[in-house]
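Asker: Each chain is listed here by its residues.
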Amino acid sequence: MNTIERIKERRASGVSVREVVEPAVNAAESLNETLNAFLQIDRAGATKRAAELDASGETAGALAGVPVAIKDNICVRGLQTSCGSHILGNYHAPYDATVVERINQAGAVIIGKTNCDEFAMGSSNENSAFGVVRNPWDTARVPGGSSGGSAAAVAARIVPVALGSDTGGSVRQPAALCGVVGVKPTYGRVSRYGLVAFGSSLDQVGVLAANVRDAATVLSVIAGRDAHDATTADVPVPDYASELTGEIKGARLGVSRALLGEGLDAEVRASIEAAIEAYRELGAEIVEVDLPTAPYAIAVYYIIATAEASSNLARYDGVRYGFRAEESENLRAMYRRTREAGFGPEVKRRIMLGTYVLSSGYYDAYYLKAQKVRALIKDDFRRAFETCDAIITPTAPTTAFMIGEKVDDPLAMYLNDIYTVTANLAGVPGISIPCGLSNAGLPIGLQLLGPHWSEAILLRLAHAYEQAHPIDARPPVCAASD
Amino acid sequence: MKNGWEAVIGLEIHAQLNTETKIFCGCSTRFGDEPNANTCPVCLGLPGALPVLNWRAVELGARAALALGLQLNERSIFARKNYFYPDLPKGYQISQYDRPFSERGTLEIMTAARDEGGHARDWRPMTIRITRLHLEEDAGKNVHEGLPETDRYSYIDLNRAGTPLAEIVTEPDFRTSWEAYDYVNHVRRALQWVGASEADMEKGNLRCEANVSVRRVGSEKFGTKVELKNLNSVRFMQKAIEFEIERQINLIEAGGAVTQETRLWDDRAGETRVMRSKEEAHDYRYFPEPDLQPLVLTSDFIARVHDEMPELPEARRKRFMYEYGLSYNDAAQLTSEHTLADYYERAAQTSGNPRGAANWIRTELLRELETDGRTAAESPVAAEELGALVRLIDEAKISGKQGKDVLVEMFKSGKTAAVIIEEQGLAQVSDAGEIERLVGEVLAANPKQLEQYRAGKTGLMGFFVGQVMKASQGKANPKLVNEVLSEKLKA
Ligand SMILES: [Zn+2]
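Each protein sequence line maps, in turn, to chains A and B.
End of the first sequence = 503 in the numbering used here, gap-free, step of one.
End of the second sequence = 493 in the numbering used here, gap-free, step of one.
The shape of chain A in the complex, shown without the other chains (with noise of 0.2 Å):
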């Protein structure tokens, strides 16, 4: 399997960056027709940033010739970011993000943007309006969401390395779906400058990976402050990598019964039951958390997120870029028509119901009272890391369901994330590892959730489970080639 040592190990043997970047976007051109994991993919730009790092010879770099994946609402310089949208369809970002500076500063190969659902609302990628991605491991199920297309690159051993979104588990849950690494950092850990906003307070660039190492690597390249957004922190960036020692003798590790109840599919929960086993016996210590508020968690997060969504995606009128109804006879009926055509009926439902939560005569009821439940959800979480270091619960209540099993029934839909969408609230950090497959060969994934700026201790519990509990080493029915 290609990560990121072995990439760098066949390149001190003398593989060149081309060698490594060709096959890689090959494999996305071949695999796409079934996969459509991937929007644009750039092989001209990834052969001539190839070239150029061969004739530099550099290979200092963290990602020195790595490929990677970009999800398709994070800014890269002269390709496309449509948020698989149509109201912005053709456009392409007249600037990098501040993550995608970085992880071009450390010498990687970006080969591509990959689908996701518009505007990063949704849990099974059937949001975009370029298709649905496929799950590489039953191409009739999903991928997750929303940054499916990410999830199914690494999963079919396409690139090492993607960047992804979390703003309610965007990258936790498929990646739980599609059995790779997924992390969510804290807030304020990695520079939103240059992802495509939805809920502001809830946003975080995310790393999928193949394995833990991986991630640790890339979110070390990632992270930091940054002067472009001001609700980065000025906390210092370890070398997450080097916190990988394998050794989690005495950590305490939580555990919420209330959480591994009613709604969980009874295959997750025994593979949840086996890792918390696992950690035993690797020496941590299971404690009982409890998290009283959990229960309104989705209620108060489809209020907020939605509220700062209808806001953030007031820009797409038609105005200056994107997609624009032509021929409208005046002003207010330009922006109708443009955001009639031009949006979906998902991202369209949650524009609605922010507007309703912030609209004069219901914003106490409904933004402020979720404002309220916020705080308190936050204080449950801090309670909690008193008595702990890391809580542990499934990542998604289910394996990946059925492309259509679930498109007619939003709520159904939006529980998807109930796992998920705490550490967002919180603000704290979270990580989906691969914890086995289901009876039907689908990856099931378990969360590990840490108070703030605790990654490198979610990265050594990963970490330590992950070498102690290889996943199968089987690659998913659609995969590159080695």
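Heads up, some of the hints might be wrong.
As the list claims (entries may be wrong) - Distance ranges between label pairs, derived from CB positions:
| no. | chain 1 | residue 1 | chain 2 | residue 2 | range |
| --- | --- | --- | --- | --- | --- |
| 1 | B | PHE303 | A | TYR383 | 31 to 41 Å |
| 2 | B | ARG177 | A | SER380 | 30 to 40 Å |
| 3 | B | VAL145 | A | MET423 | 51 to 61 Å |
| 4 | B | TRP125 | A | ASP255 | 51 to 61 Å |
| 5 | A | PRO257 | B | ALA39 | 36 to 46 Å |
| 6 | A | ALA346 | B | VAL145 | 14 to 24 Å |
| 7 | A | ALA346 | B | ARG116 | 53 to 63 Å |
| 8 | A | LEU281 | B | SER30 | 51 to 61 Å |
| 9 | A | PRO431 | B | GLY220 | 58 to 68 Å |
| 10 | B | SER30 | A | PRO257 | 31 to 41 Å |
| 11 | A | ASP255 | B | PHE303 | 44 to 54 Å |
In case anyone wonders, no lab produced these hints; they're calculated from the structure.
Note that CB positions come from ideal geometry on N, CA and C, so glycine has one too.
With chain A fixed as given, assemble chain B with the ligand onto it according to the hints.
Answerer: Frame of chain A, contents of chain B with the ligand only:
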């Protein structure tokens, strides 16, 4: 205003803060550049761009707040004001809402009624309550003229989008249009004084809106208010308010009712016109801006702003009275503008005669400046030179009358007083010996008059002085001539 009626007026001023760069990005705030030249992903509202607060705008906002007597809030919050308009790139304006930058101001202004000719009568102090001053970004500009196919297309210039503004809102404390007029002028001067804003309404960096309602005198209840916009000068604002008060009174007296609406001032027609009614009013759906941290002013920051603030006009006026012995009127006039007050202080110091310098500036210099349409800062006569002139007069090098001519010449030629006196041979003769010689000559030449004087006709004193002055070609120091003459005539 008609008998029995009272107007209730509140004002909202938007002042552009005088920063080099915009409030949330690094683009220039320069006026008059090519359309959209001063833009970037942030102020264009491109997907993914984020605002970062410009602290210079905070500093100037703090200065403005302190100059207007507001209390700075140690913690304020930016909020999004959501509405759709083509000149608003993000679909929301970053402003402040329930936790503004500063609040609870009380400002003393001077105001006066005006007579038929518009001349102020009886200046009196008045206290205005300022509700709040908050920070926000400006929008861009829609362009409907001067470009191809303007019948089919509108154009947008976003150079102004993101320019920092201070929004200053008063309580409904004004009862006449002239009070409002005097308040806006006071605010303009104060903002200019502390360097917070150019506050020039013609350039559009100070904009004004008025809320006007009327009620019967004695009534506690407010009438229905009308919002007035498009007030492009202080005078337009005053005229619009005056018109609106009369319109509302007439309407009610005719049995009608005022509608809550926004009206625009049309100066050509001399009337206000409906722009939009309340039913069309926006719900701005304010909520805290998640992209920016709460704005926290540390005590160090506030102390520094205090230290860097120029002395305010009121304080400076008081100091001029106390330190230089000026009258209220003199001090008030000399502190009406920052540059004039600076000019005066420099002149006063060089002259060694602060009251003399004040008189010369008020009576002579300002007249000359006004004739040329210049400000004190643009005076061709430097403050130090004016001070030197005052000193020369005090030292009796020239007479006060000559001084006036010298100042006119200084204005014209730009030469110093000393050079002009030298060139024109104007220096007064203050040499006692020389004057005694002249007096001797005059007495010798007029024996008849001398005899008459000594016989008691002392009124001839003026004749002798005149003769001596004439003999000296006007250069003799009159005071000295008088002294010497009295002495000699006694003998
Ligand atoms: Zn800009």
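Asker: Please go over all the hints and tell whether each is borne out by the structure.
Answerer: Evaluated hints:
1. Separation of PHE303 of chain B from TYR383 of chain A is about 37 Å and conforms to the stated range, judged on CB atoms against 31 to 41 Å.
2. Evaluation of the 30 to 40 Å hint for ARG177 of chain B and SER380 of chain A yields a pass: the beta carbon distance comes to about 36 Å.
3. Taken as a hint, the range 51 to 61 Å holds for the pair VAL145 of chain B and MET423 of chain A, whose Cβ atoms sit roughly 53 Å apart.
4. At roughly 54 Å, the beta-carbon separation of TRP125 of chain B and ASP255 of chain A lies within the given 51 to 61 Å, and the hint holds.
5. Checked against the hint of 36 to 46 Å, the pair PRO257 of chain A and ALA39 of chain B passes, with Cβ atoms roughly 40 Å apart.
6. At roughly 22 Å, the beta carbons of ALA346 of chain A and VAL145 of chain B sit within the given window of 14 to 24 Å.
7. For ALA346 of chain A and ARG116 of chain B, the Cβ-Cβ distance of about 54 Å falls inside the hinted range of 53 to 63 Å, so the restraint holds.
8. Range check, LEU281 of chain A to SER30 of chain B: about 58 Å between beta-carbon atoms, so the 51 to 61 Å window is met.
9. Checked against the hint of 58 to 68 Å, the pair PRO431 of chain A and GLY220 of chain B passes, with Cβ atoms roughly 60 Å apart.
10. Checked against the hint of 31 to 41 Å, the pair SER30 of chain B and PRO257 of chain A passes, with Cβ atoms roughly 35 Å apart.
11. In this structure the hint that ASP255 of chain A and PHE303 of chain B lie 44 to 54 Å apart at CB is violated, the actual value being about 18 Å.
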